[in-house]
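Trainee: Two independent chains are provided; combine them into the complex using the hints.
These protein sequences, in sequence, are chains W and F. Just so we're aligned: the first sequence equals residues 343 to 566 in my numbering. Just so we're aligned: the second sequence equals residues 9 to 319 in my numbering.
Hint data in this document are derived by calculation from the structure and do not stem from the laboratory. Don't take every hint at face value.
[Said to hold, decoys possible] List time: in silico PhoX-like cross-link candidates among lysine-lysine, alpha-carbon distance up to 20 angstroms:
#1 F/116 / W/562
#2 W/541 / F/23
#3 W/530 / W/541
#4 W/562 / W/552
#5 W/552 / F/23
[Claimed, not checked] Calculated from the model, a selection of chain F residues having no Cβ within reach of chain W, i.e. all distances over 10 angstroms:
#6 83
#7 86
#8 87
#9 110
#10 123
#11 139
#12 185
#13 236
For every residue, glycine included, the Cβ atom is placed at its ideal position computed from N, Cα and C.
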Amino acid sequence: MPVQSVPATRDRGIDRPSGRPAPRSGNRSKRTRWRPVRDQSKFEAQLEPGFAEEIAAEVEGGERLHQCIQCGTCSSVCPLSAYMDLTPRRLIAMARAGARDDVLHSVSPWVCTSCYACTIECPKQIPITEIMHALRRISLREVTYPRRFITPVMTREFVDMIQDRGRSTESWISLNLYLKTKPTELLKSAPTGVRLLRKGRLGIRRESIKAREDLRAMLKAVAS
Amino acid sequence: MSARSYAYYPGCSSKGVGRAYEESLLAVFERLGVGLDELEDWNCCGATAWPSVDQDQAFALAARNLALAEERAAAPGPVDLISPCNGCYRALLKAQRALEGHGGTVEKITGALSAIGLDYTGRTRVRHPIDILVNEIGIDAIERAVVRPLSGVRVASYYGCLLVRPYATFDDRHNPTSMDRLIAAIGGEPVDWPLKTRCCGGSCYCGGPVIGVMPEATMQLSHALLREATKRGADVVATICSLCHFNLEGFQDRMTRRFGHPHDIPVAFISQLIGLALGIDERRLGLHRLLRWRLPERTPAEVEGGAHARA
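Same shape as in the complex, but just chain F (with noise of 0.2 angstroms):
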């Protein structure tokens, strides 16, 4: 494999409740050999809390990333900038897209790029690693590294709702895959559900992850994301984003005693899943990070014999 390397946005929450998200997927691009240089002085994207008092500065706030991650590729061609975090994907691909026209607001944000001293001319491509994992280092190449598959191991992937929506690049905005697909990729059981990309709320409780603006509306749909999980025979749901990560697993006992219906489904990053069919160190993978974490034991009858023998 030739040793490539990407500029990477790690985002705010992977510097806080999402730090295993940052290590698990630096240890499982190291390990294909793809490194994810952090680029350097980022600020955040703006997320969805800009937007909503002065759209402008919320471009320019993203747009400043654009710019440095363009001013560290000396060669001339597209720059892919890799942004785990849903949620900042979604902001950057915006202002990526506004930047991308011509007008007053592509003037406006140039010009207060360089009065900073920074130039923009759109040559950074906004790129979500799902997407890297997929369609550059591919599915073939990850499934020829597995030492350790997760057989028997059912998974359901989040893919939550910023990946496909409003921009699908690389999967279908209504039955994305690329989750599954990757899942089988390591040996694991893809569970087939229809809430991939059905809100978690995760944005209700945006910037404070321990208090809920809306623990009602959050836990309802967060409820209805694992009960249906659950009901489907998952024993692990992966999700690609800090926000509904923290979501999914942090409220599950609030959610129990709420609703009368036990709650109790580890939530990983795919990353973390991915490094353990690599054979990665677990604590490199941030797993001692979940709030709970286990994986089934099962019999090669069981494996083999799939929804029948455990039944």
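If we strip away everything but chain W, and leave its shape as in the complex, we get (with noise of 0.2 angstroms):
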């Protein structure tokens, strides 16, 4: 009988019979709900090994993605990690190795709020903001970013949005998300509307630049 590869050993979850991660403790088990929990381990076979130099293409330095030495600082200084399935370090470990499918199916560059401590703090400078950014648009092209997960919405939205108008006005994006992705919850922040519309701070008229037609011709100039 061939003997069978034997998978990657996961940071967590290896021991487990689901193979799924722990649940961890306290409040945070609400949150798996939108995870997409899925077998990070590959065969080799199943790997795609062109997919760093895919992310390279996309960005400015993208190429010192080779030069990881997978310290941890950028998964450590992440205010966010304990949100992401796939930490930084571990996003890029899988991006170097060609884990394709399972980069492009994560969560961790939707949790990302560009903050940039990543990028700083990196002893290698790989600008790993600028290289979840590219994650996103590839996962956008392709069609594998999370559904149930809010901000891949928000950023069609907005974008939508300014490509129409030129400028963003909050109340109607939010209000354009709740009604598409938990209208339910509409009601609940209801007080903290009327609150901002009681202050002046909720702008009902939809703010719009004169130049429109320039500005949709100046991106198509671009996309051309």
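Mentor: This is the structure we're talking about:
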């Protein structure tokens, strides 16, 4: 009988029968709802080794990905790594190994708030935040972004509004987001909205620039 | 003081939740004899949402504003563009730096700009109002203009993530001090705390002030910041970004319920605090727009004695 290849060890969950990460303690288990829990171990034949180059082509300085020493500084300074399914360090390791599918299905790039803490601390000057943005772009193109997660919806909503009007109006974006993702929450947040409205901090009128045609023409020229 | 004037890029939030930031900033600059002229027909900077869809289009969006600033400046030489929102500041600065180089991207973007009749030669320099206050107007000039010092008010300055990251243009990226120096200049007591530039989670709600894209994560991050500021005896948190401001101010009741830790600390824009010290009317500073606002009344003995007298 041929010897079966052994899946790569995982940071957590390796000795659980389900192969899924152990549920974290306290209130964290509530959040697992939107985590796409996937088997993160890959057989070598399934890897796509060109993936790192694909990312490098998207980002200036992205080729430094190959110099990562896996020190974990990025994951430790990241204020949101606790909410990611793949921490930045793992994401880079997996991207470099070519686990394309898993990386592109991860919520991590969509959890990232672009605070650049990782970028400035990285001893190898890897533009990690920019890589996160690049991963978002690829996963939007290939429609692999997490479906039940809100940031991709918000990104689309925001971009559509700017494309149309040139400026964003917070009240309209929130309203649209609520209606599209969690309409029931609308009532819960209504008091905050009313308070802001009374303080004159929630614009009802949609902001718009005058040269809307120009803006569209410019964006089209860049895209072509 | 000479009648200086800068091109001013408000950003979308300053027309919404951050309205008080714009009001107070304009009032303070006017009092200091420096003009801020709003850029004609500016557009969104692209924030972090647009680079997630198309990087070049994001550059073009920001570049249109840079080109508009350059267009309105007749004299040759660098043009300063003031961007008070940290998010816009980073987005515009990133575009400015990307267009300093050469290559395909630069040609593509300048080409797209010229297609709509704009010409960008790279003269615009994106600057933050804090940079202008500290390095152009000067701490001394502000100190001289103070009529009502904020004596005994302990202020925790929250710089936010994007003022010094990824580009540290005028301050240290690990321990910035410019806001603290401004607070000291207006008579306040700067609170030393380690979370000056830690992310507040504001971007998690970006574009949706009522929603909170990831409420749990956002609240955890803001909770850590506010708890630390309170623990170190801050009376007020000073911010310089509409997103951070709303995020720290707007969810305090929810955080109290969620974490069982009472949160009730006023969060103001630093321009509002400076405006108070300069004796500008509270309404012009937009203080009535804050969800919670109060300043401690301290006796001279308490102010003189510092922490010992208060304890």
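Trainee: Does each hint hold? Answer for all of them.
Mentor: Do the hints match the structure? See the list:
no.	hint	in the structure
1	F/116 / W/562	holds, 11 angstroms
2	W/541 / F/23	holds, 13 angstroms
3	W/530 / W/541	holds, 19 angstroms
4	W/562 / W/552	holds, 18 angstroms
5	W/552 / F/23	holds, 16 angstroms
6	83	holds, 25 angstroms
7	86	holds, 24 angstroms
8	87	holds, 20 angstroms
9	110	holds, 13 angstroms
10	123	violated, 5 angstroms
11	139	holds, 18 angstroms
12	185	holds, 17 angstroms
13	236	holds, 13 angstroms
Comparing the model with each numbered hint stated earlier shows that hint 10 is the single one that does not hold.
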